[in-house]
Amino acid sequence: MKKLLAIVLALVMAIGMMPVATADGLAGTYDIKVWVANEIVDLTKQQIEDFNATNTEGITFNATIEAVGEGDAATQMVTDVEAGGDIFCFAQDQFARLVQAGALAKLGTRAQQTVQESTDADAVAAVTTADGNMFAYPLTADNGYFMYYDNTVIPEEDIDSLEALIADCEKAQKNFAFEMQSSAWYLASFFFGTGCISQWNADDSGVFTEVHDTFNSDKGLIAVKGMQKLVTSPYHVSSSEASAFANGAAIVVTGTWASKDIEAILGDHMGVADLPSFEVDGQSYHLGSFFGFKLMGVKPQVDPAKAAALHLLAQYLTGEKCSLERHTAKGWGPANLAAQANEEVANDPILKAVYEQKKYGVVQGAIHGSWWDIAKVIGEEVKVATSDEDLKAALQNYEDKMVSLFDLDTSALLFVGAWNGWNNADDTDTFYFKKGDDGSYTLTLDVPESDYMGGRIVNPGSWDTDKGFAQVTTGADLVKDLGADNPDNNIVFAAPGNYTVTWTGSEVTIIQN
Amino acid sequence: MSEKRVEPSSAPVQQHMGLKASRAISNTAIYVLLVIISVIWLIPFVCIVLQSFRVESTWQVGYVIPQKWGLDNYRNLLQTDFTRWYLNTFIIALITAVLQTVIVLCMSYTLSRFRFKMRGPLMRFMLILGMFPGMLTMIILYRVLKDLGMTQENAVPGLILVYIASSGMGYYVSKGFFDTIPKSLDEAARVDGATRLQVLYKIILPLSKPIVIYTILTAFMGPWGDFVFARYISFGASAGKNVAVGLYDWLSKDQINKSYTMFCAGGVLVALPVTILFMCLQRYYVEGVTGGAVKG
Amino acid sequence: MANLTDLEYLRLNRWNRFIYRFSHFFTEKLPNGLKNFFVGTGRRIAGAAKKVGAECVDIWSTFVNGDWKTKLSFLVMGFGNLARGQILRGILFLLFEIVFIFYMVTTGAYWLSMLPSLGLQGPSKEYDPIYDTEITIPHDNSFKILLYGVLTIFFIIAFIYTWRVNVRQNKLAEQILKSGKKLRSGREDLRSMVDDQFHKTLLALPLTGIIIFTVLPIVFMILVAFTNYDGAHNGYSNALFSWVGWKNFDTMLNWSNNSGTQSYSATFGEVLTWTLIWAFFATFTNYFLGMFVAMAINKKGIKLKKVWRTILVLTIAIPQFISLLYVSKMFAKDGILNGFLLSMGWISQAIDFWGDTANNGLLARIMVIVINIWIGIPYLMLIVTGILMNIPADLYESARIDGANAWQQYTKITLPYMLFITGPYLLTSFTGNMNNFNVIYLLTGGAPTNAAASSAAGAVGFTDLLITWLFKITTGAGNYYYLASVVGILVFVVVAVISLIVYNVLPSIKNEEDFQ
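Residue numbers (the numbering used here), protein chains in the order written: chain A, 1 to 513; chain B, 1 to 296; chain C, 1 to 516.
Among the hints, a few may not be true.
What the hints assert, rightly or not - Here are the computed lysine-lysine pairs in the DSS-like style, where the Cα-Cα straight-line distance is at most 30 Å:
hint	chain 1	residue 1	chain 2	residue 2
1	A	Lys33	C	Lys144
2	A	Lys174	A	Lys359
3	C	Lys171	C	Lys181
4	B	Lys258	A	Lys330
5	B	Lys68	B	Lys253
6	C	Lys178	B	Lys117
7	A	Lys45	B	Lys253
8	A	Lys321	B	Lys258
9	C	Lys306	C	Lys412
10	C	Lys303	B	Lys20
11	B	Lys183	B	Lys202
12	B	Lys117	C	Lys171
What the hints contain is simulated information worked out from the structure, not anything from laboratory work.
Using the sequences and the hints given, assemble the complete structure.
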């Protein structure tokens, strides 16, 4: 009898420990809170009901849906993760901040695979951390800006030239609305147009490990010169509102979300195009733009069954059917590949303009939240600048603040690379080290093929060069030996490639990746 | 302050004709000035009312008079959670008005009438407390209320609790008032054998009608305008918002173009009862602020 | 400046008196005050130590000399009361002790033990292979530890105090019984609550509220300034936060920050300067214009006084979030005012009231002061009207007989009287304006952005006051609560210092008993 009991017990335990088919495990009713933008509250309610009715797992969601906009959701989540929505939508730039706050649950293996297969490749990159894990579901792929114009004021042939557009507006005494004074998101357009970059990398805990930023460069100077043409025009207004058209604008640079309102104001006179080009010193640069995604996140849960069910719901809501419904109802451009291929979506003139501009766009990766505040003041400074020196000062101010940002977060240490010798200001790149828990500084950098391929490690502000070549202990074979004639401790790489440099306080380690 | 006091310039009647003429001129100038001031004061309110009836568009425009008039904005209001927010605010304001008055009167009466050992240190302590900016304490209050289950959907009791609990700090105005009621009244009653409690509700309270009404009025008006703390406590839950939070969100970047005229309509509906109540009880309010300012 | 005798002082004219008081404050009062403060503090500490010593001796002698009921009460609170027939008091004491012990054993001990570290283990993440999902299990919560740790300390202090009262009552009861008198019954206790102890009854509820909802949060806020509580260390869902000592004050107040950018201290200085300028103008423009309007309305011969007053007080009646938000939109670049001016052809391009950064945002700064007049005049009008009625009419009469014109009457009678009466109000109004969150936040939100002063903790605008800056820091990208706490403490210091100076210089700080 005892033996039998033992066997039964062992069996029960074995069954209990066996991976159960999720079908049984997930069935149940879950009370959840969902945060979406005001305009899709009703639609989402309907979609969750559809999910309840059609899912084969036996999941029933008892959902409370609240209108919390994409802009607000991240701030709220960071303030109190516990009280936040179980599922919430947010703009991509908030991704790292949310990961850092512990507000996003990592996707399971199967979920990651599903997203990988079914979603726009850039969007997949947007939800992936530097460590290669996904933390959210791409919801839309239309978060970029382009140009709406009044075609009774702007002739078709002028839409490719910024200078012509400004002249048209001034002639017609109409406004050119492009939000240059209060938004880094729009302002970056000029910088991306000349090929400047601002790339940020964050690890799995959401901490920014490095930034590669070239706004303060000759290219950046060209960008601000172009920007100066626009912001000093008396008819420039810093706005991205649809209502600007109702208040005397002939051009508004904004995104898809404004299309319905603008159509209501302009009717048949509405024209849509990608951004124009501007000319500095005889050379033409097509305006770039940020291109981003709206994402849907699942809050970390304690109950694994609820977590899994929520992930299924998020997959459903970002899937083909729901994406198409959102496009039909509100014109949102889907991130889901199957939905993108849908005829109705593919022929949408607005989405066409979005994707045309996307060619010049920079996919918005994770960006430090403070960058927006740091960068947006450039517009103000350019507006009052009277000389090239003022413009340069604006860029220098920007870079100083970037440095101080790292000072606050990670205590800065820079690697200044001078790829064609120190006299070519053009080819200087600044990389920021990340301070590790053990007090050492690390950075990963790409050394381009060039004449010099060297740089130095410095302290921002003081520019001390006491750390560098003299301390290279590991990886000395990867760098050229400059001998005694190296007072600045320059490190010159022997070959181009991707390197990781670590500085521990007394030793420098260089590893080729 | 009664209205029947002598006005400052009611001096002996002027005999001189020249003075009369110059007074007429200066009075005309003052009338012109008052009309100008009144217009400036009224413009924003007139604009809100006019915009709330504009139906041709829902965003900001550069003109005042609607091209098409209608009640659409008010009708649309009822489709939103506005009624819920309105009710929330009304309940909060009502309960706060009653309980806050009780607390403030307890506090100010005690500090005006009793001389006990800790009185001085207590008043100094509260003066010092009042110098700290309250902004940051919001975060902590939110957590305390959250642990009590009084946030988000249940924000209404939470807000009431916080408004009432910290109201003891605002005792200055009514203490100033109680200070003006002669102490001999209390003492006479005490000699007759009345307890302190009896002195309070038989002698002092009947004399304090103006200050009681003032306290009720200010306590009632406060909750209608709280948008920072109330927003924090409701934390994304529409059911827990008050009107200020709800309307404030309508002017956020992604909603302003759809909700601007609705904001105006909501603003009118919020301002209406508060303003009417205020106008009816204006006399007591005047006594309150005057007394408070003079007696510090 | 030499000390003047009373007679010499009285000979000075008003302005020189003020100068004298002002400089006297810094040369004499402040140093003396500081000296007295430190000497006094030393004396007070010595006094307190002596008192504690005396208390201990008293407790000890109560124990040694007391009977067994008293002795047992040291352990079981209220036992003496119960044994001597004071059931109500006894039960209350006992109940309090039971609640306290229960609380300490169940949770209090945990909070207290965690307080020095603010938590040992952050949340852990686990992969659940069955459901193919990651779950997060929370452990310690720094925020709660700090909050309830402080609360527990409050509770312990309350317990020690109650225990002491319990001991003293036993001693008293013993003495009373020994002298052959009777103890107070429960009924008498209840009666005393509405009579000779009435003030305690009345204050119990308000003070409890203030302790939990005002004192506790402020203590918490001050403590946060010594931690690294921010968006990256929120204490429960990512990393725990911990004590960092004075580091945050160093970050905020250190003039150099080792990089080319503006330091926090410089930004703090800029914002503080504007806060003071704003408070000065906001207070005095309202004060004088409000007085002027009140006098205009109250002038003899002006009709419809009630109507004018009613129109003005609309701005008090209507909630500010409606009126100010609306006015802010009216002045926006695409707002009604610009629309009107443009359609009239008076301006050729819209005026950017809130966005013009020229001259440190001078336009926006002037605008907020002007619009604040719109909000502030009505209050002043009401106050001044009340005070005007109190100025004895015969003062004006005799002045007129002496041939004083209206301006002379104003400067010689009205203004001095007014300044004397409203001195304290001006001070509270000044400090109130320093913390006037609503007007700035609703009108400009701090705009236009101050390019040079924007820091990693968030953008700063030219119209930002310390209080709105503080708010921006907490809601900004990094949620630097610790920096905001430091700013909060500094705001307190500034307000306290100003109040101290003004209280000492103002002539009209009167003894409150004078009113009775």
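Inset, instruction - Hint by hint, work out which the structure violates, then give me just those numbers in ascending order. - result: none
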